[in-house]
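> Note that the protein sequences, when read in sequence, are chains L and X. Sequential numbering from 1 applies to the first sequence in the numbering used here. Sequential numbering from 1 applies to the second sequence in the numbering used here.
It cannot be assumed that every hint is accurate.
[Stated by the list, open to error] Per label pair, the in silico range of CB-to-CB distance:
| id | chain 1 | residue 1 | chain 2 | residue 2 | range |
| --- | --- | --- | --- | --- | --- |
| 1 | X | S97 | L | S41 | 31 to 37 Å |
| 2 | L | S24 | X | P98 | 27 to 33 Å |
| 3 | L | S41 | X | A17 | 47 to 53 Å |
| 4 | L | A181 | X | V30 | 43 to 49 Å |
| 5 | L | K253 | X | D184 | 27 to 33 Å |
| 6 | L | K121 | X | W71 | 47 to 53 Å |
| 7 | X | F279 | L | D192 | 44 to 50 Å |
| 8 | X | P133 | L | K121 | 51 to 57 Å |
| 9 | X | I137 | L | E86 | 34 to 40 Å |
| 10 | X | S97 | L | G226 | 33 to 39 Å |
| 11 | X | P133 | L | E77 | 57 to 63 Å |
| 12 | X | V275 | L | K83 | 23 to 29 Å |
| 13 | L | Q248 | X | S182 | 44 to 50 Å |
No lab work stands behind these hints: they were computed from the structure. Positions of the beta carbon are idealized from the N, C-alpha and C atoms, including for glycine.
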Amino acid sequence: MTEEPMVRADRVSKSFGSNMVLRSISLEVQRGEVLCMVGPSGSGKSTFLRCINHLEKIDAGRLFVEGELVGYRQKGEKLLELKPKEASLQRRDIGMVFQRFNLFPHMTALENISQAPMRVKGLPKAKAVARAMELMERVGLGDKADHYPAHLSGGQQQRVAIARALAMDPKLMLFDEPTSALDPELVGEVLDVMKGLARSGMTMIVVTHEMGFAREVADSLVFMDGGVIVESGDPREMLANPKEARTQSFLSKVL
Amino acid sequence: MSIPKSAGPNNTAQGEAIKAIPLRHPWRNVIAVVLVLLLALFVVDAAQRPDYGWPEVGKYIFDKRISQAAWVTLSLTVYSMIGAITLGLLIAIMRLSPNPVLNGVAWLYLWIFRGTPVYVQLVFWGIVALIYPVFTIGIPFMDPWITFDNTIFTNLFVTAIIGLALNEAAYMSEIVRAGLLSVDEGQEEAATALAMSWTQTMRFVVVPQAMKIIIPPTGNEVISMLKTTSLVAAIPLSIDLYGVSRGISAVTFTPVPLLIVASLWYLLFTSVLMVGQYFIEKRFSRGSGRRAESSTPDPTPPEIPSPGALPGTVPAPLGNEPGGKG
């Protein structure tokens, strides 16, 4: 039996006004795969990530998660937009971690994590809190449960944000430059949590500038520029011997 | 870069302490003295002028009719603000909702109620009972199924609350909207990514954070509403503080003392409200992320200064002098 890939993008395009940010992107992410996306700012990698959980609508092509069309329903020839309820049902299985953490500042770390399972999945409070506590331990912050985000360092906040996404038991995790807003000395602790997650078999798409992480953890690497995939392949091979001139010049600047 | 020897890590001796003569501000003192003299002159003069009728002020300041009317004014303020805040929140959320119908309705509401004077609106609500003496339910232009008398707008106290609340809701909705817009977009995005619905996102994520922006100007609106209640004369409702003091003065032919009496009561209420606002602002300006009860070992949680510490802590000077005569 050929299993549907976790994510399948088929000639996906997206414009903001007259600015075309994604030009016919096609790629597949298999279950358990860790895909890293690199490229200069404005190359469309973050936008692509946001299309996967329908925070942005695509203009052309088809995007599937677990074989299911994202944001739309095919009815014969016609494409129907999903109701907000149906769209959020699709998002339940996709966790997302943001560059700026976006923790809820008026809630403690524990409340941040237990919020969505309670509100969205209707988990009883005791269960949601117990699970949140478990996740706090997992990201190494068992002693910080009652802290408000403002009392946590950037690295700790991002780890809470990862725990918050994991609380929904996602099948796919999206990371949008998770370490770009961190002080250099705090990057490691977040990457460690992500490595652990990758080892546990989570399917991950990571937009990042951390080439070391890509080399060590990723199963595949995509280099994007100007809204197109310039080059993709095995991360170690690609980082060592980039084939395209554009990839070479980018990597020579960041490595 | 070079570091001079004297500043090296081994040199622990401090530099010479600064003992400078502070900058003098002689004109401040002069102006203050002149102002105090002018005020004293005014007070002495006012105390002797018969037109102010100080004995009358003393006689009516605690008159039962006046204190009851003060209670009416306070009730009008509280009820209409509760209505205005509720409706204002609803309209603000409608204005920001992705639904163009709700958005359009909210815009129309704002356009009408903010675009016409509150006095004119109150006059209108006062005569609504004449325009619509009965309410009917049924198919338009056919015999109605159910008919009942318009008893809402024949109760002038209720009419006043409705009129004031509907007008104030337009202003409150703009305050609430500003508060909601002040919440970082990433918050809504994070909630959406967690599969929360728009309603849940608003209720559990956006609105709680907007409160800290919404509360201070809302306090301002409460104080403003307290005084706007004097316009219910347009309905006409005359059981409020201003209405009653005017009614008394129409009989006694002593308008000035009763204006002073009414003003003193308004000042008393606004002073109390200002003190209340000061404390509420202090609480909310701490920022929800830095609440004291969080069990944190954080050595020095940065103290955010309350924006524009209100003059409300100092009782208005006018409140003291003429009243003391009573």
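> Range hint 44 to 50 Å: satisfied by the CB atoms of F279/X and D192/L?
holds (45 Å)
> I want to verify a distance hint. Is the separation of the beta carbons of S97/X and S41/L within 31 to 37 Å?
Because 33 Å falls inside the window, the suggested range holds.
> Starting from the range 33 to 39 Å, see whether the pair S97/X and G226/L falls in it by beta-carbon distance.
Given a distance of about 36 Å, which is inside 33 to 39 Å, the answer is holds.
> Lying within 27 to 33 Å: is that true of the beta-carbon distance K253/L to D184/X?
holds (31 Å)
> Could one say that the CB atoms of I137/X and E86/L fall in the range 34 to 40 Å?
holds (37 Å)
> Using the beta carbons of A181/L and V30/X, state whether their distance is inside 43 to 49 Å or not.
Since the Cβ atoms of A181/L and V30/X sit about 55 Å apart, the hinted range of 43 to 49 Å is violated.
> Tell me if the beta carbons of Q248/L and S182/X are separated by a distance inside 44 to 50 Å.
holds (45 Å)
> Does the hinted range 23 to 29 Å hold for V275/X and K83/L at CB?
violated (50 Å)
> Range first: 47 to 53 Å. Now tell me if the beta carbons of K121/L and W71/X are that far apart.
holds (50 Å)
> Could you see if the CB distance from P133/X to E77/L stays within 57 to 63 Å?
The hinted range 57 to 63 Å holds for P133/X and E77/L, with Cβ atoms some 58 Å apart.
> Do the Cβ positions of P133/X and K121/L conform to the proposed distance bound of 51 to 57 Å?
holds (54 Å)
> Determine whether the Cβ-Cβ distance between S41/L and A17/X falls within the hinted range of 47 to 53 Å.
Check passed, 51 Å falls within 47 to 53 Å.
Of the numbered hints stated above, those contradicted by the structure are hints 4 and 12, listed in ascending order.
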